[in-house]
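> Sequence:
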Amino acid sequence: MSTPYHPESVEKTAREYWENSRCFEVEEDPDKDKFYCLTMFPYPSGKLHMGHVRVFTINDVIARYQRMQGKHVLNPMGWDAFGMPAENAAIKRGVPPAKWTYDNIDEMRSQLKRLGYAYDWSREVTTCRPEYYRWEQWLFTRMFEKGLVYRKNSVVNWDPVDQTVLANEQVIDGRGWRSDALVERREIPQWFMKITAYADELLDELERMPGWPDSVKTMQRNWIGRSEGVELAFDVQGEAEPLTVFTTRPDTLFGVTYMAVAAEHPLAARAAAIDPGIAAFIEDCKKTDAAEATLETMEKRGMPLGISAIHPLTGQEVPLWVANFVLMSYGTGAVMAVPGHDERDWEFAKKHDLPIVQVIRPADGSEIDIDAAVYVEKGICMNSGEYDGLGFDDAFNAIADHFERSGRGRRTINYRLRDWGVSRQRYWGTPIPIIYCDDCGAVPVPAEQLPVVLPEDVEFTGHGSPLKDIPEFIKAACPKCGADARRETDTFDTFVESSWYFARYACPDNDTRMLDERAAYWMPVDQYTGGVEHAILHLLYSRFFQRVMRDEGLTDVSEPFTNLLTQGMVLKDGAKMSKNKGNTVDPQELIGRYGADTVRLFMMFAAPPEQALEWSDAGVQGSFRFLKRFWSAVIAHTEQGPVSDLDPAAMNDAHKALRRKTHQTIAKISDDIGRRYTFNTAVAASMELLNAVNRLDDTSATGRAVVHEALEAVVLMLSPIVPHVCHALWQELGHEDALIDQGWPQVDDDALVADLIEVVVQVNGKLRGRLSVPADADNDTVSAQALADPNVQRFVGEDAIRKIIVVPGRLVNIVV
RNA sequence: GCCCGGGUGGCGGAAUUGGUAGACGCUGCGGACUUAAAAUCCGCUGUCCGAAAGGACGUGCCGGUUCGAGUCCGGCCCCGGGCACCA
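Okay, so the first sequence: first residue is -9 according to this note's numbering, each after it adds one.
Keep in mind that the hints were calculated from the coordinates and are not lab data.
Quick caveat: nothing in here was measured; it's all calculated off a predicted structure.
Check the hints yourself; a few may be wrong.
[Unchecked claim] List of simulated lysine-lysine pairs, BS3-like, C-alpha gap at most 25 Å:
| # | residue 1 | residue 2 |
| --- | --- | --- |
| 1 | 184 | 142 |
| 2 | 277 | 142 |
| 3 | 142 | 465 |
| 4 | 136 | 184 |
| 5 | 2 | 24 |
| 6 | 103 | 465 |
| 7 | 276 | 341 |
| 8 | 2 | 103 |
| 9 | 37 | 103 |
| 10 | 142 | 368 |
| 11 | 470 | 458 |
| 12 | 37 | 89 |
| 13 | 756 | 793 |
| 14 | 61 | 22 |
| 15 | 341 | 290 |
| 16 | 136 | 470 |
| 17 | 24 | 61 |
| 18 | 89 | 103 |
| 19 | 368 | 340 |
| 20 | 82 | 37 |
| 21 | 340 | 290 |
| 22 | 184 | 277 |
| 23 | 290 | 276 |
[As the list claims (entries may be wrong)] So the derived label-pair ranges between C-beta atoms look like this:
| # | residue 1 | residue 2 | range |
| --- | --- | --- | --- |
| 24 | 689 | 608 | 29 to 37 Å |
| 25 | 191 | 681 | 51 to 59 Å |
| 26 | 112 | 159 | 56 to 64 Å |
| 27 | 178 | 353 | 47 to 55 Å |
| 28 | 384 | 194 | 26 to 34 Å |
Don't be surprised by glycine CBs; every beta carbon is placed ideally from N, CA and C.
All chains should be modelled from the sequences, with the hints used to inform the complete structure.
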């Protein structure tokens, strides 16, 4: 073996070994303890970026570590291949989305291979292939039969100049990104999946998911937003239909001084027909994009409709307004306003001079001025007729009972979660398998006619979906009556593909069933790793889809991901490094210069996985330097010839100290990688151990045996992170068997025993001295020794000692 | 606006259960090697006072609990992620 570290040849050798021995291809084996290790699959945007390298390396470290623990590891890779960037590339460069996508996949696959990831490539999944998406089309038709999908109108961003639907990210400050035209909200019919039917289960199961971060569970809980309240009917003057509203605060019902409906509400439309001012206001309300953040931050505006509702308890007239912050698609499209006890209602009432009535007083008896500040806490009812004096729960129940008895309302549970709109007016996606027949309506495509294949050779103009211009695609016979009918031209939201790919990795080649018994073996995913930006949408949709597949009899598993690790982003100059912002560092260039191991090492060393990672070119060089030091330390050791077995009796204090350090480090790194996932501290501990090895300048037989043990431990423990160099160094250390088949090193508890330990001494909590004491010294002995320390004496002086706190093995605190 | 994170030296970070703040690495400075440079190796590197021993201060800001707070509690400020059509 040549002496200097040449990453290129070292990595090529290791890569070829893994490839030739096919050691990462796994089959189902019931006798083995399976471990399914997965990352969120990438969108094939062109080249790998550092965010990819980070998450894939984290995953690879876990996969290789679990393998060394004796687990039967499945670690697959695939492509989330449908999506907007392919269409944008097609418009910009005239490349068909399919060709652009397949070229990108080829490029990125070769990059992944160069990074040495332990993937089972035989299971690769590509979502834009009909053999993949046919099964989600099939599941959609099953959901259709069960009533789990339905069609209704919903809002999109409409660009009136380009005559096309825009994604939220294509709307910049309320204008279309290409046309610069003011974007309008427009309602069109779209397909929805009933995720709300699973809302309670998705919420409740979070309580039994200890392997997920609390932050993600909290976000999902808040997103589902279950609230218990009452639905109430208000009669409207001159209208036959009452206006229904939902409230979680029926105890404040007597404080209702106005009501508001959405701009799209029929009552608003009727008022607009006779009042041009209202009509103009409603038109104006539509000139905003559909994003929630926009609606929540924009100025709250409204207009009186000139009609009144009747308060169901007092019989008083309550003016009805139309307001831009009430949305037709949320709840009933109408809200009751209690300005005394709701922040937004209070501000709106102040602005429009609407009355504010106090109907709740603080339970502690304190006085408040409802005109000066809103009071949103729960308290005691007042100005509420027969309900005066009741607390929240009593008032809630009394009022709810009253409405249920009179049939004018009912207790109900409301969710913030809305059904999942899956229709996209785009070309590069899975065709929604529906045929529209003039007589039979929307008819799902029968299973034997699936897949509905997306034509890949299309003319791409950028104005609307090209599917609308392909008569052969649109023309279809109605599956029910055989009459001429039209095929749906909308495609699925790409979150549909990513909601079940993890299960399909188990059986990607099955062309007769969506999932088979192999999925029963591998599912659920034991460790799932991906960006925290997916904490809600992708993970919630996947949990939903898993349950839909379960209820279809395809699997027994309800929760797809047992353990979740959300990695932070890769930042450069404090900003997210991403394809959209163009502030990327090219991994390929770094691999060419330093090798894959250096890039992997820097990624793992620079920050713990959950935190954002700030990119540093100097840090990469530091990682490269470490690998060179690592390499030469092993070479310097092996050049001295064979090593004899370690004779414990022959060890001096320095030998014992190094051996203790070796086994302390094994214990620490096992914990860091196996439990804490703090790969940065695992790397730091390896560096410390290697520094300790280099400091022990001892060529005696015992010295070399202790060093040998330490070096083998470092090679084994760093191998999940820098597998290529460790593959070579393992051979250098004299082993015939490949490193990939080795087990994780074991701690020798005997080596951990120390005779003396250091204890710090504090006076009144401030550090004043250090002691070396026998490991088995009792508290009194340690206290006495602490008091004898000259510097400690200086600070204790003549003062009376009030208390001495001894934390065994750590510190003594003398309180005076 | 709402929900979830984060804030520690010149920089990335460590401190795992309330017990030594700054491990490990980077940068910088000094030195060795070299004709020279690169590479490599050795030393120093939170701020202030001090010749040193040592001391004072110090984990975004303000306050609290505790023998002891980066860690717990209350109130703020700033930065990042998500907000349903980016993936």
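> The structure should be examined with respect to each hint, and the outcome stated for every one.
Hint check results:
With a CA separation close to 12 Å, the supplied pair residue 184 and residue 142 stays within the 25 Å bound. A threshold of 25 Å between alpha carbons decides the hint, and for residue 277 with residue 142 the separation of about 22 Å falls inside it, so the pair holds. Under the criterion of a C-alpha separation no larger than 25 Å, the hint pairing residue 142 with residue 465 is consistent with the structure, at around 23 Å. A distance of roughly 11 Å separates the Cα atoms of residue 136 and residue 184; the hinted pair therefore holds under the 25 Å criterion.
Using a Cα cut-off of 25 Å, the hinted pair residue 2 and residue 24 is violated, with the two alpha carbons roughly 29 Å apart. Restraint check for residue 103 and residue 465: not satisfied, since their Cα atoms lie roughly 43 Å apart, outside the 25 Å limit. The suggested pairing of residue 276 with residue 341 holds, with an alpha-carbon distance near 22 Å, which does not exceed 25 Å. Between residue 2 and residue 103 the CA atoms are separated by roughly 11 Å; this keeps the pair inside 25 Å, and the hint holds.
A distance of roughly 13 Å separates the Cα atoms of residue 37 and residue 103; the hinted pair therefore holds under the 25 Å criterion. A hinted pair counts as satisfied when its Cα atoms are at most 25 Å apart, and residue 142 with residue 368 does not qualify at roughly 37 Å. With a C-alpha separation of about 23 Å, the suggested pairing of residue 470 with residue 458 holds against the 25 Å cut-off. Straight-line distance between C-alpha atoms of residue 37 and residue 89 comes to about 15 Å, which keeps the hinted pair within the 25 Å bound.
Among the hinted pairs, residue 756 with residue 793 is consistent with the structure: their alpha-carbon atoms are about 15 Å apart, no more than 25 Å. As the CA atoms of residue 61 and residue 22 are separated by approximately 7 Å, the hinted pair is consistent with the 25 Å bound. Taking the CA atoms of residue 341 and residue 290, the gap is near 10 Å; set against the 25 Å cutoff, the hint holds. Straight-line distance between C-alpha atoms of residue 136 and residue 470 comes to about 17 Å, which keeps the hinted pair within the 25 Å bound.
A hinted pair counts as satisfied when its Cα atoms are at most 25 Å apart, and residue 24 with residue 61 qualifies at roughly 6 Å. Distance check on the hinted pair: residue 89 and residue 103 sit about 21 Å apart at the alpha-carbon level, within 25 Å; holds. At roughly 22 Å between alpha-carbon atoms, residue 368 and residue 340 fall within 25 Å of each other, so this suggested pair holds. At roughly 18 Å between alpha-carbon atoms, residue 82 and residue 37 fall within 25 Å of each other, so this suggested pair holds.
Our distance criterion of 25 Å between C-alpha atoms is met by residue 340 and residue 290, whose separation comes to about 12 Å. A C-alpha spacing of about 29 Å is found between residue 184 and residue 277, which places the hinted pair above 25 Å, so the restraint is violated. Between the alpha carbons of residue 290 and residue 276 the distance comes to roughly 14 Å, so the proposed pair stays at or under 25 Å and holds. Taking the beta carbon of each, residue 689 and residue 608 are about 35 Å apart, inside 29 to 37 Å as hinted.
A hinted range of 51 to 59 Å for the beta carbons of residue 191 and residue 681 is consistent with their spacing of about 53 Å. For the pair residue 112 and residue 159, the supplied restraint of 56 to 64 Å is violated, since their beta-carbon distance comes to about 36 Å. For residue 178 and residue 353, the hinted distance range of 47 to 55 Å is satisfied, since their beta carbons lie about 49 Å from each other. Between residue 384 and residue 194, the C-beta spacing of about 27 Å keeps the proposed range 26 to 34 Å intact.
Checked against the numbered hints given earlier, the structure breaks hints 5, 6, 10, 22, 26 and satisfies all the rest.
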